[in-house]
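One letter stands for each residue in the lines below.
2 protein chains.
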Amino acid sequence: MFEDRTKKRTELGELGEFGLIELLTKEFKPKNSSTTKGVGDDAAVMEYSGSATLVSTDLLVEGIHFDLAYTPLKHLGYKAAVVNFSDIAAMNGTPKQLVVGLAVSNRFSVEALEELYQGIKLACDKYHVDLVGGDTTSSTSGLFISITIMGDAKKEDITYRNGANEGDLLCVSGNLGAAYMGLLLLEREKEVYKANPQMQPELEGNDYVLQRQLKPEARVDIVKLLNDNGIKPTSMIDISDGLASEILHICKHSEKGCNLYEEKIPIDAETSILAEEFNIVPTVAALSGGEDYELLFTIPQSDYEKVKELKDVSIIGHITDKNSGANLITAQGTAIPLKAQGWDALKE
Amino acid sequence: MFEDRTKKRTELGELGEFGLIELLTKEFKPKNSSTTKGVGDDAAVMEYSGSATLVSTDLLVEGIHFDLAYTPLKHLGYKAAVVNFSDIAAMNGTPKQLVVGLAVSNRFSVEALEELYQGIKLACDKYHVDLVGGDTTSSTSGLFISITIMGDAKKEDITYRNGANEGDLLCVSGNLGAAYMGLLLLEREKEVYKANPQMQPELEGNDYVLQRQLKPEARVDIVKLLNDNGIKPTSMIDISDGLASEILHICKHSEKGCNLYEEKIPIDAETSILAEEFNIVPTVAALSGGEDYELLFTIPQSDYEKVKELKDVSIIGHITDKNSGANLITAQGTAIPLKAQGWDALKE
Chain C
1 MFEDRTKKRT ELGELGEFGL IELLTKEFKP KNSSTTKGVG DDAAVMEYSG
51 SATLVSTDLL VEGIHFDLAY TPLKHLGYKA AVVNFSDIAA MNGTPKQLVV
101 GLAVSNRFSV EALEELYQGI KLACDKYHVD LVGGDTTSST SGLFISITIM
151 GDAKKEDITY RNGANEGDLL CVSGNLGAAY MGLLLLEREK EVYKANPQMQ
201 PELEGNDYVL QRQLKPEARV DIVKLLNDNG IKPTSMIDIS DGLASEILHI
251 CKHSEKGCNL YEEKIPIDAE TSILAEEFNI VPTVAALSGG EDYELLFTIP
301 QSDYEKVKEL KDVSIIGHIT DKNSGANLIT AQGTAIPLKA QGWDALKE
Chain W
1 MFEDRTKKRT ELGELGEFGL IELLTKEFKP KNSSTTKGVG DDAAVMEYSG
51 SATLVSTDLL VEGIHFDLAY TPLKHLGYKA AVVNFSDIAA MNGTPKQLVV
101 GLAVSNRFSV EALEELYQGI KLACDKYHVD LVGGDTTSST SGLFISITIM
151 GDAKKEDITY RNGANEGDLL CVSGNLGAAY MGLLLLEREK EVYKANPQMQ
201 PELEGNDYVL QRQLKPEARV DIVKLLNDNG IKPTSMIDIS DGLASEILHI
251 CKHSEKGCNL YEEKIPIDAE TSILAEEFNI VPTVAALSGG EDYELLFTIP
301 QSDYEKVKEL KDVSIIGHIT DKNSGANLIT AQGTAIPLKA QGWDALKE
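Protein sequences appear in the order of chains C and W.
Going by our numbering, 199 is the number at position 199 of the first sequence; the sequence numbering is gapless.
Going by our numbering, 190 is the number at position 190 of the second sequence; the sequence numbering is gapless.
Worth flagging that the hints you see were computed from the coordinates, not collected in a lab.
Be aware that a few hints might be false.
Copies of the same chain look alike in the list, so a pair counts if it fits in one copy or across any two.
[Stated by the list, open to error] Quick list of in silico lysine to any residue cross-link-like pairs, SDA-like style, CA-CA up to 25 Å: (1) Lys-264 - Glu-204; (2) Lys-339 - Ser-138; (3) Lys-190 - Ser-141; (4) Lys-232 - Tyr-304; (5) Lys-74 - Asp-228; (6) Lys-322 - Gly-167; (7) Lys-37 - Thr-234; (8) Lys-37 - Glu-47; (9) Lys-8 - Asn-227; (10) Lys-308 - Ser-105; (11) Lys-306 - Gly-38; (12) Lys-308 - Leu-15; (13) Lys-252 - Gly-40; (14) Lys-339 - Gly-230.
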């Protein structure tokens, strides 16, 4: 849909592996003092003194995680990097170095990969992260992106999934469900386009949900905000699979239960309006939609006064004992057990 | 060819992503004190005090890097891990932590992935490396393995590709060309099998070259041997793409030339005999074959006495000035410029 067919096309084979890597990575200059040696040897070299190293990896597969019919390659590169930064933020750390593995079929040109890398570079520049290595190879079909992110944190600052205590407040950054509504909108317009390629997609007025889907951000600002306000979460996770699934992870790892209040779940007006258009209860988009990349965390009740004034942070529930289970408390006061794969009761 | 069709088959969907990861990783216990937190959170946590962190990544694609017709999954897992350990060894470091990304089509069962992980575990156990994270997802077709390895080294011990000096001796560990002959043998037997599935592959008497292809090792023992003997290479690289290509990397990065002596290249007898059977000059297998995962390194001439007695290390040439170029000196004393993609003059 968004493809520009007037661009120059250089075949991958014209450059070869080493030429291609050189072309794609030449604009990436190290920004962090911990980056001793980046791209161009058997391994990159990093130095962290007095802090712990965090590492996380993601594999993105065409046709499973992204659809190039409506995902511009630059956006894809940006998102692939940012969702990994989000994993480091979820540990209360700072993303620092990135390695990128690409497997591409000859359907892709050098220019296409340059666009993808432009997106990765935008993300690296914005989040002050260094690209330090990678591997570029062929695939028999489709595009595969493997990203591994390294970050650092003071050991005592790291937040795991297993630290939530009974009575802790359950908090979330930003708002939820928008990325999922953006996805539904793009899928709908793709169907319209497939039926009639002359039709232009009707995406106007939905900039916010589209941006949340195509160009998400990692909430390193929230990590900083909490730190600046002297708040250390007892547990934290980022929301990639939907609020319900992530809450259940925290409850399982911490061996606790929770009460989540439906009316407290932050949902943007554009998300709500579009959800109505799609006949979806907005809470369902928040609970099961995923890809919001907001941070879900727990804090001691004693930090209530500090957290309640924070911009862009909502208190949505509290941690209970394990035997009480993980429940959604509806506006009517009914407790419904949370399920990871969508909240069936709301779908009726 | 090697497939066992009597085994139980569990579909991937029966376990789900989290169940699958738990099943595959439950036998991996941390072995290194630097591994603070492994699988099971948004990121793994490592602590390196007083040393540098090394990182390298590889993406292996079915149909490009491996052929499951003759590669047992356990061997594939072992090899995928070991070739990454080799990258850390090539920096004069010690591999420590591994993250694994897998994209698999539903052609693969849970049991197949368990076999793959058994191979990864064998490698991790042998090389004292910890699996600390990963990502398991679907692919639309085929198997994709993304591996990122982290290691450590004292900063002053790290060897780069760019440190070779004029007059340095060019050395290589083990012997070369065997992995390539193993590959040619497997490819030949695959063709025979395709023509007549009743035929049993004729692989006997070629155990060594098959092992070099299917179950390579990383020369961390050579790193230790050099260190124990007080030898620090001025440059080092591992041989994944063939001797010629790797020598050219060292010459390019160090801005030097070299003389490589054909008769000094170490080649095993089994490799030579099989090469003759295939009508290939053994030197070509060594120069262009690749996948030997031996270490190629340069040392100062002053270390000659130390290195000449080392078991399993050969001196194969020396570094010259840039303008002399990178040359192969034949047994007849002729200088032939080295080329990365096979040595054409020998193919006539």
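Hints and how they fare:
1. Lys-264 - Glu-204: neither (29 Å within a copy, 70 Å between copies)
2. Lys-339 - Ser-138: between (40 Å within a copy, 22 Å between copies)
3. Lys-190 - Ser-141: Classified as both; 22 Å inside a copy, 23 Å across copies.
4. Lys-232 - Tyr-304: For Lys-232 and Tyr-304, only the intra-copy Cα distance (12 Å) is at most 25 Å; the inter-copy one is 57 Å.
5. Lys-74 - Asp-228: neither (33 Å within a copy, 49 Å between copies)
6. Lys-322 - Gly-167: within (12 Å within a copy, 70 Å between copies)
7. Lys-37 - Thr-234: Between copies only: 16 Å across chains, 35 Å inside a chain, cut-off 25 Å.
8. Lys-37 - Glu-47: Answer is both: 10 Å inside a copy and 19 Å across each meet the 25 Å cutoff.
9. Lys-8 - Asn-227: Classified as neither: same-chain Cα gap 47 Å, cross-chain 51 Å, threshold 25 Å.
10. Lys-308 - Ser-105: neither (50 Å within a copy, 46 Å between copies)
11. Lys-306 - Gly-38: neither (41 Å within a copy, 32 Å between copies)
12. Lys-308 - Leu-15: neither (55 Å within a copy, 40 Å between copies)
13. Lys-252 - Gly-40: between (42 Å within a copy, 11 Å between copies)
14. Lys-339 - Gly-230: neither (33 Å within a copy, 60 Å between copies)
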